[in-house]
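Protein chains in written order, with our numbering: chain H, 186 to 271; chain R, 99 to 345.
Derived by calculation from the structure, the hints in this document are not laboratory data. Remember, predicted model here, so these are calculated numbers, not experimental data. Among the hints, erroneous ones may be present.
[To be verified] Far from chain R, by Cβ distances over 12 Å, these chain H residues were calculated:
id	residue
1	Ser193
2	Glu196
3	Glu199
4	Arg200
5	Thr217
6	Leu218
7	Glu219
8	Gln223
9	Glu224
10	Asp225
11	Glu242
12	Glu267
[Claimed, not checked] FRET-style restraints, in silico, Cβ to Cβ:
id	chain 1	residue 1	chain 2	residue 2	range
13	R	Ser151	H	Gly255	29 to 39 Å
14	R	Gln181	H	Glu196	25 to 35 Å
15	R	Gln103	H	Val206	48 to 58 Å
16	R	Asp296	H	Ala252	50 to 60 Å
[Unchecked claim] Capping the alpha-carbon separation at 20 Å, the derived lysine to any residue pairs in SDA-like fashion look like this:
id	chain 1	residue 1	chain 2	residue 2
17	H	Lys208	R	Ser274
18	R	Lys226	H	Met238
19	H	Lys208	R	Gly334
20	R	Lys226	H	Ala220
21	R	Lys215	R	Tyr331
22	H	Lys270	H	Asp229
23	R	Lys230	H	Lys270
24	R	Lys226	H	Asp245
25	R	Lys230	R	Gly273
26	R	Lys270	H	Phe244
27	R	Lys215	R	Arg275
28	R	Lys270	R	Tyr331
29	R	Lys226	H	Thr212
30	R	Lys226	H	Leu231
31	R	Lys226	H	Phe244
32	R	Lys215	R	Ser274
33	R	Lys270	H	Asp229
34	R	Lys226	R	Arg170
35	R	Lys226	H	Val206
36	R	Lys215	H	Val206
37	H	Lys270	H	Glu224
38	R	Lys226	R	Gln181
39	H	Lys208	H	Ala220
40	H	Lys208	R	Ser173
For glycine and all other residues, C-beta sits at the position ideal for the given N, C-alpha and C.
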Amino acid sequence: MSETGTVSGQELFERIRAIVVEKLGVTADVVTLEASFQEDLGADSLDTVELVMAVEEAFDLQIPDEAAEGLTTVAAVVSYVEANKA
Amino acid sequence: MNPDQPVALITGAGRGIGKALALAFADAGHAVAVNYGRSAEAAAEVVGSIVASGGVARAFGADVADPAQVDRLFSDVLAWSDQRLDVLVNNAGITRDALALRLSNEAWDEVLDTNLKGAFLCARSAIKPMMKRRSGCIMNMSSVVGLDGQAGQANYAASKAGLVGLTMALAKELGSRNIRVNAIAPGFIVSDMTETLDQAVRDALLQRLPLSRFGEPAEVADLCVFLATRAPYVTGQVIRVDGGLHL
């Protein structure tokens, strides 16, 4: 859990977890950093597109398609947002 | 705007079938975004007549073939409707008829860009607000010409057949989000396009039509209202409104 070690990292994780909970209709406890959207959280391909759109909106980001394809786990989204947020 | 009022965006709504669609959706209680490409005055009249009968409508100019204009169209419409969009009818269409031997590259591109690419651009922009509400209805105005072909209309027929494929792909892709996508294939409907046919052609056509008359724009529009409001289990269909022309 080193990525959530800092206060801002923890905050970021909480915000992203809330988005995942809302978009995928899962409970917060299953949304761990290691969780894969499709394999662990039951997302289909359209769900992951929606998730990316919601993250873009929440953090005022434009995530290019090539980057979006790599965002398959909660941890990947947290580090992407951490590295790219304004 | 009343947040409980459904919102319909009709492209090419200044004249013909598009105008009938705007009036019919307003009559069915929708707030109507009346898109026009060049017919600004006609669109203003459509809006005027909806507002005069107590409805809600606004005109939005945009060439649907231009991605930047479509982006602006949707941001303006969604700002007006407070991000709500229930119905999109991709109705904007043009013809540039010529026999294939004489059909120019420009005439091909212009027709495909407006009729087919324009519909895709609008549908792509409509998906997001519809997905958010887990509800939506997209209708693509195809044509019997797209199903049966027509000499002198290779470009138009190809664009209208392309809309059928677009309809099926989107219906599969978006069904799980309760977004339904259907195509309408009108036959000969009384409009500026059919008014230009010469008398001999008109007579020959009427002879072939089991219902012995051309259709009215309102008869196409009423079907679309039905599909949008009363047909929640219908998606991925092409529905002919052609007076039996194909029989």
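Against the structure, the hints come out as follows:
no.	hint	result
1	Ser193	28 Å, holds
2	Glu196	25 Å, holds
3	Glu199	22 Å, holds
4	Arg200	19 Å, holds
5	Thr217	26 Å, holds
6	Leu218	27 Å, holds
7	Glu219	26 Å, holds
8	Gln223	14 Å, holds
9	Glu224	19 Å, holds
10	Asp225	20 Å, holds
11	Glu242	10 Å, violated
12	Glu267	25 Å, holds
13	R:Ser151 - H:Gly255: 29 to 39 Å	53 Å, violated
14	R:Gln181 - H:Glu196: 25 to 35 Å	27 Å, holds
15	R:Gln103 - H:Val206: 48 to 58 Å	31 Å, violated
16	R:Asp296 - H:Ala252: 50 to 60 Å	58 Å, holds
17	H:Lys208 - R:Ser274	14 Å, holds
18	R:Lys226 - H:Met238	9 Å, holds
19	H:Lys208 - R:Gly334	26 Å, violated
20	R:Lys226 - H:Ala220	26 Å, violated
21	R:Lys215 - R:Tyr331	27 Å, violated
22	H:Lys270 - H:Asp229	26 Å, violated
23	R:Lys230 - H:Lys270	24 Å, violated
24	R:Lys226 - H:Asp245	16 Å, holds
25	R:Lys230 - R:Gly273	14 Å, holds
26	R:Lys270 - H:Phe244	31 Å, violated
27	R:Lys215 - R:Arg275	23 Å, violated
28	R:Lys270 - R:Tyr331	13 Å, holds
29	R:Lys226 - H:Thr212	24 Å, violated
30	R:Lys226 - H:Leu231	11 Å, holds
31	R:Lys226 - H:Phe244	17 Å, holds
32	R:Lys215 - R:Ser274	24 Å, violated
33	R:Lys270 - H:Asp229	14 Å, holds
34	R:Lys226 - R:Arg170	15 Å, holds
35	R:Lys226 - H:Val206	19 Å, holds
36	R:Lys215 - H:Val206	36 Å, violated
37	H:Lys270 - H:Glu224	27 Å, violated
38	R:Lys226 - R:Gln181	10 Å, holds
39	H:Lys208 - H:Ala220	15 Å, holds
40	H:Lys208 - R:Ser173	23 Å, violated
Hints 11, 13, 15, 19, 20, 21, 22, 23, 26, 27, 29, 32, 36, 37 and 40, counting from the list given before, are not met by this structure.
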